[in-house]
Every structure is written in structure tokens, then in C-alpha cells.
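Undergrad: What follows is the residue order along each chain.
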Amino acid sequence: MSLPRFVYVFAKDMRLFFRRRTSTLFIVLSPLLIILFLGTLFGGYGKVGGGLPTAVCNYDVGDAGNQYVQLLKDYGFFKITDYRATFANFQDCEKFAELNVGKGVFAVGLAYPPDFTQRITDGDSSTLRVFIDNSKPSVRELGEAYIKAVNQQVSTRISSEFILQVWNRLRESDKKVVELQKNVPLAISNLEKLDTELSKLRNEIAQLDVSAIEASKNQLRQSINDLRMLGNSASATISEIESSLSSAAAAVDEADQKAQLAMNSLNSVIDSTRFIEYYVCVNPSATECQQAHNAYSGALNAGSQVNIVMIKTRDTKTALLNENYAVSTAKSRLSEMNQKINEVDAQLAVLEQNLPRVAETRQNALTKFDESHGLVQNILVQLRDLQAYLAETHEQIVYFTSKDPVNIVVPIRLDWAYSFSWTVYKEIDFFIYGIIAIILAMSALLLPAVNLIRERASGVFMRNLITPTGALSIVLGKHLGALFLIGIEFAIVWLAASRYLGVTLSGPFEAVLAAVLLMSSAFVSTGLVIASLTKSENSAILAIITITIPLIFVSGVIVPFEFMPPAVQAATSYLPSTLGINAVKLISLYGTTPSLGLQSITKLQLNAVDYAMLFLAAEAIALFALSVILIEWKGRK
Amino acid sequence: MAASRENVVEVSGLFKGFGPLKVLNGIEFFAREGEIVGLLGPSGSGKTTLLNILVGLEKPDSGTAVVLGADMRDAARVRRKTGFVPQNDLFYDDLTTWENIAYFGRLYGLSSSQIRENGAGLLERVGLAEKTRTRAGELSGGQRKRLNFILSLLHSPRVLFVDEPTVGLDPVTRRFIWKFLDDLRKGGATILMTTHYMNEAEIVCDRIAILDKGAIVMFGTFEELKRQAGGKNLIKVRTRPGNPEVMRDLVAIMEDLEFVDAVTASEGTIFVRTSDVDAATEYLYRILKEGGEIIHLMDVTEPTLEDVFFIATGRKPEQIGDVRVPA
Ligand SMILES: Nc1ncnc2c1ncn2[C@@H]1O[C@H](COP(=O)(O)OP(=O)(O)OP(=O)(O)O)[C@@H](O)[C@H]1O
Ligand SMILES: [Mg+2]
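As they're listed, the protein sequences go chains A and B. Numbering-wise, my numbering puts 611 at position 552 of the first sequence, and it's gapless, one number per residue. Numbering-wise, my numbering puts 288 at position 11 of the second sequence, and it's gapless, one number per residue.
Bound-form chain A, shown alone (with noise of 0.2 Å):
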């Protein structure tokens, strides 16, 4: 049976480890004495107990402080002490609280102001006075986190109802805004109605003037009875003229027949004397002709005359029949025009009737205009309604939108102020990590490398290199002897952290053991590298320890990681080191869990310990890949 051939390769490493004893004993003790030197040097006191010693000045008006610092009190890490009521004014309080953060008294120091729930309840955002003793970096690292944690409770909370808030009054507001949308144009089409039928009755009222009717009717009485009057005068005139008429015609008549009688007696005569003259006149020169012809002439004449007279009188008999036919037909006017007369004085009547309806009409119209008006009125209320409503939405709306949304979502800003006391310096479980660290990358890049470089200085590697087992196995080999060491190491200085050093565990064990070895493998492969790129031992030692001192300094065990440079961390932030720091004390420290898994990653929903994890995942394999290649092509340049 054969395994791989890196099975061996691991065997053959760890056979030739374990065989010095001394090598045996301090890759159990090394780590071990480092943990004991660092516990009995910084304490070993373990966790805080009781939690952190902290001093509150809580002089907010409103709630929030209170809820604030309630939350505080629930996470169990902070021992408050309230000063609100030793002290009389914020200020001094504050100033107290600053002041004894500096001198280690206490860890955190919270100072809220008079109107820190005013303020964060209209929108414009507060600001809580934080301070926090930066001496004790894991103090500082856990008191920022737990009051960040809770500063975005409380915030989340007061922006969300805030929000809340804004959100239902604005609904309100449309509400109405859109109910009166509605009304208004039915209102608009009701006033115009309404405006029309006004405007008609209007003039009809307008042309209604019972005053001037009477007085119209009056004079037309009047005319009526003057003319009644004139009718009779003139039917009393008209009479006269008949009388004197006929009388005249009577005269006419008698003078006719004394005419006529004249006329016949005269007939006679000319009848005679033409006669007589006929008779007389045969001798037409006798004197007696003559004497008869002119008496015959004279009777012709005479003749003549009274027919003329009987002519004139005849004229006269038919003027006056005609003025009598004149005066008939006035006569018969005058009574059609009485008739008339009378007619519109019946008229005149009913008009007489009628005018106390029109009056009647006249006070309905100006009933019904009245109505109209305060119809008007009501609607002209509504639309003033609605004017005052969408001026008060409008102000409500710029009101709420003049706030800047960041106070809104977080209304509570912390001014961070660090403090730095020595005194109560014992923090070990902070920097216990970045130790872990060290004690780990330095086994890691040494131990491998200077196996490598002694294999190669007395030849036997290339003994390894000429058999059919290629680079990959025999550096993997080596790699994985190199991780099993480190995993002795690990779990050594881990029982004595924890054991020893009080040193606790909040996420899995397993996940704290990944990233440790991902990191570790970084440093593995780094230490083959260096190994294949030094010509000897001593430079490979020299360059590790180049490496190692500033990685100490980088992994924040002297210098808070925060307090370095921003390009230095920019530089470091993604060395194996600090991503092995991070993950480790993230995991252990604040029980963050890898969430690592297929579905994580493809929905891209990772936490910090994910990243740090691939980060590490990515540079262990792409240099363990580059330590191959390098091996490889030093074996056969």
C-alpha cells in the first residue's frame, strides 16, 4: 500500500523533528515560557470583573439618555455609576468624567448633554461625549464596540421612529390633500352654476320696477279719462253738427222745391213765351216778336238762373251729405275709439290686478339670490380650508425635508476622546492575539526555512529533487510538517492562555484553529521562499528577522494597530498577520462566526471573519504555490 508521496515526505520531516529531543522539548516550551513570562509580567487577572468601571453623566432631559444607558447596563459589561446628581451642571460633570477616564479611575467616560433627546427627536442629531482609557487597548476595543453596538440600537430606534413619525403625518396630510383634490372642482363647476343662475335673476330683477309700472298705469288712466273726456266733447260737437246738418239740410230741401216750384211756374212761362214768340215771331222784325223774344229770353234766362240756383242748391244738398257721411264716420270713430279706450282700461284693470304678483316675484328672486350667496360663501370657507391645509402640508413637508437625513439615521454622533493611564495595565486577552501571532509566524517562517536550507547546504534535497516525486509533493510535505509543529505550538499556547491567563473563547474553537493555520501556511510558504531566495542559512535567518520585528510592531502589541499611520495599516491591514489577529480575536473575542459556506458566499453575505479567512485562504495558496515554484526552479536552474 502506498500513500502520496507528501505523506512521506511529512513523515520523514517530523521523524527527523521529533528525533533531537531538544527540538521536541521547545517546540513545548517555547510557547509555553512565553505565555508564563507574559502572564506573570502583565497580571493574568483574567476578564474584567464586574464589568467596566465606568462614569455616566447623564443630564439629558428627555429619554434617550436613560434608554441609552439602560442598554448599556443590559449588556452586562459596564459598571455605571451615574453623577448626574453630584454634580450641578454638565460641564463639571463632564469634565470630572474626562478627567478620572485619564487617570485610570475609570475605563469609559459618558457624558450626555442637556438636549441630547431634544435634539435627536428634531432630527438635528447629538453628540455623546465618549471617553475611553486607551492604555488598556482590549478595553478600549471592547468598550468602543459594546457602545457602538449600542449607540446603533438607540440610534436605529430613535431614527426609525423619527422617520416613523415624519411618515405618518405626511400620509395624514395627503389624505386631506387628496379629499380636497376632489372638492375642488366640484365646487369650481357648483360656484359656476350657482354664478349663472345669479346673473339671470339678477336682471330680471333688474327689469322689475313696480314703482315706475304704477305710475305708467296711473297716466295712462289719466290719458284713458282725457280721452274720454275729448270723446264726449267730440261726440257732443259732432252732434251739433248733425243738429245744424240736417237743419241745414232742411233748408236746402225747401229752397230746392220753392226752386223747383219756381223752376215749374217758370217752365210754363218760357213754355208760353216760346210759344208766344213762336206764334208772334212770323214776322220775326215785328216789335211784338221782339217784344215776345226777349220776354222768351228773359223767361230762358230767368230759366237758367233758377237752374243754377237749383244746381248750387242741389251741391249744397250733396255737400251736405257728404259732411253729414264725414261727420257719421267721426261719429263712428269716436265710438271705436271709446271702445278702445275701454279696452285698455280693462287692460289696465288686469294690469292693476297683476302688479302686486310681480312684487311677490321680485322678494322670491331676492330669496333666492340670498341662498345663492351663502352658497357661495360656504364653498368660498372650503377653499380657504383647503388653502390653509396645503400651506400647512407645504411648511410641514419643507420642515421635515430641511433636516439632513444623516442626523436623522444617526441622531447620536460619538466624540470619541482617548485617555491613556498605566496604571491598571493587565490586559492580557488584547494582545494575548498578536503574541499568538508572533510565537506562531516566527516557528513558521524559521522552522521550514532552515529545514530547506539544511537539506539543500548538505546536498540530500537534491536527492529528494532527482526522484520521480515532484516539487509540489515534497514542498507540501514539508509545508504540512511545518503546520503540524505550529498546531503543537498553537495548542500549546492556547491551553496556557486560556488555562493560565484566563484567556477566553466566544466563537468556535475550530474556526479560530482555520484561520490560525490559514495564517500560519502564509508564513510557511513565506519562510520556504525566503529559503530559496537566500544563498545561506544566515541571510535566510537575517531575513526572517527582518521580517519578524516589524510584524511584531504591526500586529499591535506595542502600538495599537489604530494608532499607527494610516499607510502603515493601509500596508499591513492585508499582511497574514494582521488578517490571522483579526479573524482569531474576532472569532474569540467577540464570537463572531465564519459563516463561510457555499451559500454565503455566492449571496456575498460575509461578515469581517469571512473576509479576513478568504483574504488569508487566497495569499496561504498563492504562496505555498510560489514557494512550488520557486523550490522547483532553484532545483534545476
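Derived by calculation from the structure, the hints in this document are not laboratory data. Honestly, I wouldn't trust all of these hints.
Restraint ranges, calculated between C-beta atoms of paired labels, are given here [unchecked claim]: (1) P297(B) with K693(A): 18 to 26 Å; (2) L92(A) with R412(B): 35 to 43 Å; (3) K693(A) with K509(B): 25 to 33 Å; (4) P297(B) with E569(A): 54 to 62 Å; (5) K509(B) with S595(A): 49 to 57 Å; (6) K463(B) with L592(A): 42 to 50 Å; (7) Q364(B) with V66(A): 25 to 33 Å; (8) S595(A) with R393(B): 36 to 44 Å; (9) S595(A) with K299(B): 41 to 49 Å; (10) K693(A) with Q364(B): 17 to 25 Å; (11) Q364(B) with L84(A): 34 to 42 Å.
Just a few of them, taken from the derived set where beta-carbon distance is under 8 Å, the chain B residues facing chain A [what the hints assert, rightly or not]: (12) G333; (13) L345; (14) A347; (15) R356; (16) P363; (17) N365; (18) L384; (19) K456; (20) F457.
Here a beta-carbon is modelled for each residue, glycine too, at the ideal position from N, C-alpha and C.
Since the structure of chain A is already known, use the hints to place chain B with the ligands on it.
TA: For chain B with the ligands alone, kept in the frame of chain A given last:
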């Protein structure tokens, strides 16, 4: 050099330098199946470098090195069938003899039973059976050499490269190793070994390649080498030491003679290759008589390998630091 189907190792136009130092300058040679080819060359002539290229540890700058049909730039293909016995004894001193055997056996892909079988057999053959459980660091020089040998033979390679197999060994062990190499050849293995011992090359090798200044200056069986060096037309002249100017004059005069083909001179010895041995001897004899001060001894003889080496390289074995051991 004609390529043959039987050629197990074939090197042509091989160049290799380390920075400004040109170590190999166009190496051409071959090894047929089942023969031992010796690379004879002074120290620093590039023997180990050549072997390193042939086992794929180094890459040539140009040219080809083919082993069992595979270019050694792609050495992984034939590593299962080739073995390399390094010049120094390379194994883990902190592992026992057997642990070393088991480990390298595994690296050659052998099963545990194969390792047991081959390992035990080889230990028996080289006489290390009793040292199985001894820490390798505690073995004697000769025992180390033997372990070094058998660690490369566990997988029964068809081609074996051996770098200076007997340097610094006692005559008994040396002869044991010669015998061992001969046995391996009889077992069908092709062996390419380097050496700077003339007698070793002469005794062990079927064919010898003389390496000088990065090139094969002569290649062939011992007989062929002798013929190339002049064979029976060679006159060896021993001169008295301490007269370099006279020597130079003498060489210049002889080079101008029409019956002299080539002259190789070093302090104390002049080789004259001639087309007319009688004329040359007569001429030299006259010088001997007239100026007995210079010529000390004159001999017409078959050249030894040392002579061949001297003619080929212009250097005497003494000048390359050889320690002669009685055969
Ligand atoms: N890795 C290297 N880097 C630089 N120079 C080298 C290297 N290996 C060999 N050389 C040089 O190449 C030349 C040939 O060395 P090589 O070991 O091949 O000689 P050799 O013929 O095996 O000598 P010896 O008989 O002493 O073993 C020497 O001058 C040596 O210094
Ligand atoms: Mg050599």
C-alpha cells in the same frame, strides 16, 4: 558522432555557463545500452555539471541531452528509470540506514514490499546488512559511500549516473565498487560515470570521453583513444628539467620538421607524433648525442591512457591533482 538506436544517453551541442564562467562548451557524446562510459576530466572541467544536466538538476543553456529517448529538460519522464549516485554522500544522517532506504524508496514510488526486497538485497550485496538500524551519521566513510550508492539503485534504474564513485576511498572499497559497477553492467544497466583516475577509467569503462575546458576532446574505447593519440607513430621524449627556454626552442624546431605531425610538450615530456618514425628517431637521437644536456630519454611506445590524456589536454595527470594508486 553517429547516433545509434542503442544510444541510451545522447548529448549534443551542450552549452552551460554560470554567469561569465563558461563550463560546458558544446559537449557531444553518447552511451550505448549496457556499457560503462567514463567521463575523464580534470577537476573543475564540468563533469558534475554535465551529470547534473543529465539528471535534470540543471538546465543547459543550449543543446540537447537525451536519456532513454527523453530530453532532460523534461527529466520527470525518465526519473523512474534513471539513478544518480552523487559525488558526496547524500542522505539523512539522523535517519537510520533503513529509514533512508525506506524514504527514498517511497520517493521512487516503490511499495513497501519492493522496498523490503530491493533494500535488503542491496544491503546484502554491499555488505551493509548489519548496519540496517544504525544511524546513517554513524557509518564509516566507506559504508557511507555504499549507502550513497544503493540509495540510487533501489528502483533498479536502467541508466545510472555516477559522480566520482571512488574519490578518497581505500583500495579495497575502490575495487569493490569497480566490481559492483561491473556487476550492474552485467545486469543490463548503462552507466555513465565521471572520474579523474586514469586507471579507474581504463579498468572500468568501455568507452572514455576526455573532458577538457568544457569540451569532449577525445571520445572512444581505450584502443580508439590510443589510435587517436598517434598510436605507434608516437615518440615520447623525456627531457631534463630546468631548461624551459631550450625546451621551447626544441619544440619550435621539431614542429618545423616535415615528418613531424604534432608536438605536445610539458615540463619533462615531449610527445612527437610523426609520419616517419625512423626519421624522427634519427633526428632526435642526433640531438640526444649532441646536446645530451636536454634529452634524457627517448622511447617509441604505445601510449598509456595518461599519455593520451596528456596529448588530448596538454596537461599531465599530476597537474590535475591525481593521486595515483596502484591497481
Ligand atoms: N552552481 C554553480 N554556480 C557557479 N559555478 C559553478 C556551479 N557549479 C559548478 N560551478 C563551476 O563550474 C565548474 C565545473 O564544476 P563541476 O563541479 O562540474 O566540475 P567537476 O568536473 O565535477 O570537478 P571535480 O572533479 O572537482 O568534481 C567549476 O569551475 C565550478 O566552480
Ligand atoms: Mg565533480
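Undergrad: A separate judgement is required for each hint: does it hold in the structure or not?
TA: Hint by hint, here is what the structure shows:
1. P297(B) with K693(A): 18 to 26 Å: At 21 Å between Cβs, range holds.
2. L92(A) with R412(B): 35 to 43 Å: This hint is violated: roughly 30 Å between Cβ atoms.
3. K693(A) with K509(B): 25 to 33 Å: With a Cβ separation near 52 Å, K693(A) and K509(B) fall outside 25 to 33 Å, so the hint is violated.
4. P297(B) with E569(A): 54 to 62 Å: holds (56 Å)
5. K509(B) with S595(A): 49 to 57 Å: holds (55 Å)
6. K463(B) with L592(A): 42 to 50 Å: Roughly 46 Å apart at Cβ, these two residues keep to the hinted range, so it holds.
7. Q364(B) with V66(A): 25 to 33 Å: holds (30 Å)
8. S595(A) with R393(B): 36 to 44 Å: Given about 39 Å between the Cβ atoms, the range holds.
9. S595(A) with K299(B): 41 to 49 Å: Violated: the Cβ-Cβ distance is about 26 Å, outside 41 to 49 Å.
10. K693(A) with Q364(B): 17 to 25 Å: holds (19 Å)
11. Q364(B) with L84(A): 34 to 42 Å: Given a distance of about 36 Å, which is inside 34 to 42 Å, the answer is holds.
12. G333: holds (6 Å)
13. L345: At about 13 Å, which exceeds the 8 Å cut-off, the nearest Cβ of chain A leaves the hint on L345(B) violated.
14. A347: Check failed: Cβ of A347(B) comes no nearer than 12 Å to chain A, outside 8 Å.
15. R356: Since the shortest Cβ distance to chain A is 4 Å, the answer is holds.
16. P363: The hint holds - P363(B) has a Cβ within 8 Å of chain A, the shortest such distance being about 7 Å.
17. N365: This interface hint holds because 5 Å falls under the 8 Å limit.
18. L384: Cβ of L384(B) sits 4 Å from chain A, so the hint holds.
19. K456: violated (24 Å)
20. F457: violated (19 Å)
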